[in-house]
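Model the full assembly from the supplied sequences, consistent with the hints where possible.
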Amino acid sequence: MTSADRRRAAPRRMTPRATALAAISAGLALTAAGCGSSSGSSGSASPATAADKATTVSISLTPQGCAPKPARVTAGEVDFNVANKDADAVSEAELRTNDLAKILGEQENLTPGLSGGFALTLQPGTYKINCPGAAQSRWTLTVAGKASGPAWQSSPQLAAAVSGYSSYVSQNTASMVTSTQQLCAAIDAKNLSQAELLYPKARVFYERIEPVAEIWGNLDTDIDGRWENPVTVQSQFLGFHRIEQMMWADNTLTGASQMCAGLVKNEQQLLSLVRSASYNPLEMASGATDLINEAATAKIDGEEERYSNTDLPVFQANVDGAMEVVTLLQPYLQKKDPSLLTLIKRRDAAIAAQMAHYQASPGYDGTGYVEYSTVLDTQRRQLSGTVNAFAEALSKVSLRVS
Amino acid sequence: MPADETDSTPGRPGRPGPSRRQLLTGAGAAGAGVVAGGLAGYFGRGAADQAAGADGAGDSDQTVPFYGPHQAGIGTAAQDRLAFGSLNVTGGTSPAELRDLLREWTQAAARMTRGALVGEVTEPHAPPLDTGEAVGSPVSRLTITLGYGPALFDQRFGLSGRKPAELAQLPPLPNENLDPASSGGDLCVQACSDDPLVAFHAVRNLARLGMGVVEHNWMELGFGKTSSTNTAQATPRNLLGFKDGTRNIKSEQTQLMDSYVWAGAEAGQPWMRGGSYLVARKIRMFIENWDRDYLADQQNVIGRSKVSGAPLSGGTEFTAPDFATAAIPADSHIRLASHEHNHGTRILRRGYSFTDGIDPQSGTLLGGLFFIAFMKSPRQFIQLQQALAADALNEYIQHVGSAVFACPPGLRPGQHWGDGLFA
Numbered sequence: 002m003t004s005a006d007r008r009r010a011a012p013r014r015m016t017p018r019a020t021a022l023a024a025i026s027a028g029l030a031l032t033a034a035g036c037g038s039s040s041g042s043s044g045s046a047s048p049a050t051a052a053d054k055a056t057t058v059s060i061s062l063t064p065q066g067c068a069p070k071p072a073r074v075t076a077g078e079v080d081f082n083v084a085n086k087d088a089d090a091v092s093e094a095e096l097r098t099n100d101l102a103k104i105l106g107e108q109e110n111l112t113p114g115l116s117g118g119f120a121l122t123l124q125p126g127t128y129k130i131n132c133p134g135a136a137q138s139r140w141t142l143t144v145a146g147k148a149s150g151p152a153w154q155s156s157p158q159l160a161a162a163v164s165g166y167s168s169y170v171s172q173n174t175a176s177m178v179t180s181t182q183q184l185c186a187a188i189d190a191k192n193l194s195q196a197e198l199l200y201p202k203a204r205v206f207y208e209r210i211e212p213v214a215e216i217w218g219n220l221d222t223d224i225d226g227r228w229e230n231p232v233t234v235q236s237q238f239l240g241f242h243r244i245e246q247m248m249w250a251d252n253t254l255t256g257a258s259q260m261c262a263g264l265v266k267n268e269q270q271l272l273s274l275v276r277s278a279s280y281n282p283l284e285m286a287s288g289a290t291d292l293i294n295e296a297a298t299a300k301i302d303g304e305e306e307r308y309s310n311t312d313l314p315v316f317q318a319n320v321d322g323a324m325e326v327v328t329l330l331q332p333y334l335q336k337k338d339p340s341l342l343t344l345i346k347r348r349d350a351a352i353a354a355q356m357a358h359y360q361a362s363p364g365y366d367g368t369g370y371v372e373y374s375t376v377l378d379t380q381r382r383q384l385s386g387t388v389n390a391f392a393e394a395l396s397k398v399s400l401r402v403s
Numbered sequence: 039m040p041a042d043e044t045d046s047t048p049g050r051p052g053r054p055g056p057s058r059r060q061l062l063t064g065a066g067a068a069g070a071g072v073v074a075g076g077l078a079g080y081f082g083r084g085a086a087d088q089a090a091g092a093d094g095a096g097d098s099d100q101t102v103p104f105y106g107p108h109q110a111g112i113g114t115a116a117q118d119r120l121a122f123g124s125l126n127v128t129g130g131t132s133p134a135e136l137r138d139l140l141r142e143w144t145q146a147a148a149r150m151t152r153g154a155l156v157g158e159v160t161e162p163h164a165p166p167l168d169t170g171e172a173v174g175s176p177v178s179r180l181t182i183t184l185g186y187g188p189a190l191f192d193q194r195f196g197l198s199g200r201k202p203a204e205l206a207q208l209p210p211l212p213n214e215n216l217d218p219a220s221s222g223g224d225l226c227v228q229a230c231s232d233d234p235l236v237a238f239h240a241v242r243n244l245a246r247l248g249m250g251v252v253e254h255n256w257m258e259l260g261f262g263k264t265s266s267t268n269t270a271q272a273t274p275r276n277l278l279g280f281k282d283g284t285r286n287i288k289s290e291q292t293q294l295m296d297s298y299v300w301a302g303a304e305a306g307q308p309w310m311r312g313g314s315y316l317v318a319r320k321i322r323m324f325i326e327n328w329d330r331d332y333l334a335d336q337q338n339v340i341g342r343s344k345v346s347g348a349p350l351s352g353g354t355e356f357t358a359p360d361f362a363t364a365a366i367p368a369d370s371h372i373r374l375a376s377h378e379h380n381h382g383t384r385i386l387r388r389g390y391s392f393t394d395g396i397d398p399q400s401g402t403l404l405g406g407l408f409f410i411a412f413m414k415s416p417r418q419f420i421q422l423q424q425a426l427a428a429d430a431l432n433e434y435i436q437h438v439g440s441a442v443f444a445c446p447p448g449l450r451p452g453q454h455w456g457d458g459l460f461a
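Just so you know, the protein sequences line up as chains A and B, in that order.
Taking our numbering, the leading residue of the first sequence gets 2, the next gets one more, and so forth.
Taking our numbering, the leading residue of the second sequence gets 39, the next gets one more, and so forth.
Computed far set for chain A versus chain B, every beta-carbon distance over 12 angstroms:
hint, residue
1, Leu101
2, Phe119
3, Pro133
4, Ser176
5, Gln195
6, Asn219
7, Gln259
8, Leu274
9, Pro332
Now the stretches of chain B that chain A is said to cover, found in silico as 3 or more residues with beta-carbon under 8 angstroms:
hint, stretch
10, 162–168
11, 243–250
Just so you know, the hints here were simulated from the structure itself, not pulled from any lab data.
Treat the numbers as computed from the prediction; the structure is a model and nothing was measured.
For glycine and all other residues, C-beta sits at the position ideal for the given N, C-alpha and C.
So, in C-alpha cells, the structure goes:
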C-alpha cells in the first residue's frame, strides 16, 4: 500500500466546512490569546472574555463530603484545587456529568495532608462532585453563563497553541516556496549538482506541515505525489518526486524547468490557502501523529525519496513538525497530563539519539545526514521501533486536547 | 400419567442431561437463572463439555480461568489455534517500566481471557483502547501464557540473580539451521483459542500496549493443533498426515505433570516454582518430498500406521508400541522419541501447524510444525532432540527457529506477572 493510499483511507481531519468554521472561530481565539495575559478587566460575557480568567473551585475532602466552593461558577476554564486535611475515609474527588455517567476530571490518592487538582473547560450546566467514602458523597456544581464555541477556545493555552501553529504552517509554506524557487533557478541554469543540493532543502519545509497540505487533497498529490499515486501514469506524475526522478534516476534536467515552475505555482496556491485557514487542537494533535506515521512507513522503507535517497532529512522534518505541535501544546499538557508530556519528550529524545548515528557534515547532498541506502535493515528496524513508540505516545494527545 | 410429568421426574436413570440449547431457552424464563445455576455442573467444567469445546464445536463462549496455580495454556486442553509472539525489550527501558508493563499486561490478559475488551472503544477523540477486531467473537477458550527468555536476565533489569540455572539458549542440536529472525526473544506471549482472530487479537493488543517498552522480535500463527493434551481430545494430525501426540502427557496425569512439566523446588528460583519451561522450535517440513514417499516408507519413518495411528507393532492407536519387535524400525521417529528410549524422559507437547506461504526461491510451501513443548527443565528437550539425530524423519524436516522461555507459575487475583520476578 502506498502512503497515498493510506492517506485516502484515513478519516478526513478537516472537511471544507470544518475549515470554514474553524476559520471563523480562530479570530476569537486569537483575541483570547492576545488578552490572555492581562487581568481580564472587562465584565462582558463574550466568549473571549469568559476565557480571559480561569475560575478556581476549592474542594476540601472531609468525612462529611466535598462541597465545592463556590458551588456556582461561570462557564469557561475552571481550576479545581482539591485538598484533604484529615479525612481518612475519603481520598478522591471526581467531577462527573449530572447523571454521574461520565467522569470529566478527577484527583485521586489524596490521603490526609495531600492536595492536588485538575483543570477543565466547562460548558453551562449542572455537574456533580463525587467523593466516595464521605457521608454525603455527591455535591452539585452549577456552571452558569453562555455556552462558548468549541471548548478549547476558552483555554488561553490552547488558543495560543492554535495561533502559534497557524504561524508555523504559514512560515514553513512560505519558506518552501522560496527554497523551491532557488531549486528552480538551479534547474533553469542546468546546474544539476546545485539542484541536487537544493532539492532536499526545499523538501523539509513540506514534510514539517504535510498533514495540513493534505486537507486540500489534490494539491498534496500535485506537490508530493509518487508515480503510483494517483494513477501510475507518467504524464500525471508531478511535483517534487517527478523532479527527483528526473535528477537522480533519469539523470537529466530536460523538462524539469517547466515541472519546477508548476510546482512553485501549486505551492503558492497552498500558501494562500494556509494563510486563511485555521486549525483546532484536535487537528494539530492528530496531524502530529500522522506526520510520525508517515515517517514510520514511507520514510523507513525508503519509499518516499526512492530516487535521491535523501530520506533522513525529511524523516527528521516529520519529527520536527510533530514536536512543534507538542511544544506549542506543552503549557496545556503540562497541566493536563504531565506524565504523557514526559513520555513524549523521552521518546523524542530516543529518536534523536538514533538519528545522531546518521548525522554527517556536510553529509550526503549537503543534507547533514548520510545517504539513506547506507542505513542497514537492522538499523532501520531499530529506528522504526523508536519512531513507532513515539507515535504511540503522540496518539494519546488528541484525547487530552479535545 | 401425562407424558410431561413422566419427563420431569427427577433422577430418572438413563436420562440424558439437558442440551445447552435447552438450558439457554430455560434461562429466558423467570427464575430460570437459579435452575441454570443449579445445572452448571453439566456444562460449566464437566469433561463432556470440555470435549465439546475442544473440538471447537459449540461452546465457543467457554472461558478458561486466567487465575490458578499454573498459567493457563499449558495444561489446558489444546485449543485449535495459536498466535505466538516473541518480543524484545527496547533499549533504554528501565526495570520499573518493564514491571509496569507486565502489570498492565496482566490486567489486559485477565480481561481478554474472560471475553472483555482491553478497554473502551467509544471515546471519539482517542484511538480506541482495544483494536476491535475481536468484538463480537466469542472468547473461544482464549488463554494467554507469558514466558521470560534467557536474555531478560542479563544486566539490563537487575535480574541476573533471578535467573534459573536451567534457563539458557539451547546448545547446537541435530538437524537445525536456525534463522535468527525466527529465534530467541526476551519475552513470549502464547495466545491459544479455538478462534484464530481471538488469539491474534490478544497478541496484537499486548504488543500495542507495550509499544516503546517492547517490540516484536518475531511472530507465528498456528492454524491447527498437532497435539492432544487431555484424554477427552481426539488425537489431531500434523501436516505429515499422521496423528500426533498419541503418547503425549495428558493434563489429567497429574503425577506425570508434576514429574515432567511443572517446575518445583529444583528450579532454584522460588518465583519459578509451579511454572514450566517452554521450548519453541519452528520445524519446516519439506512436505512436497514427503508427499512423494510411498505409504509403507512414510509409516516406517514415523513407526505408526498413517490412517489408524496404531504402532507398527500392532493393535490400535493407544496400544503401547512394542519396541522389542523389529516392526518399529530402529530409526523410526516414535522409537527414538519414546520415553522408553530416553530413560523415561517426557515432555508435554502443545504444537501447531503453521505456514508462512511460499518459499520465494523454490516455490515450495514454507510450512510445517511450530513445535511447542512444556517441561520441568529444558534439558528434557535437549536430551530428546539429541536422540533424534538418527531420526529417519530428518530427511523431511529441518529446525529453522528456536527459542526457550521460562513461564512463571499462575497468579491469584490481585497478583501480577513480574511480581515474583521483581520481588
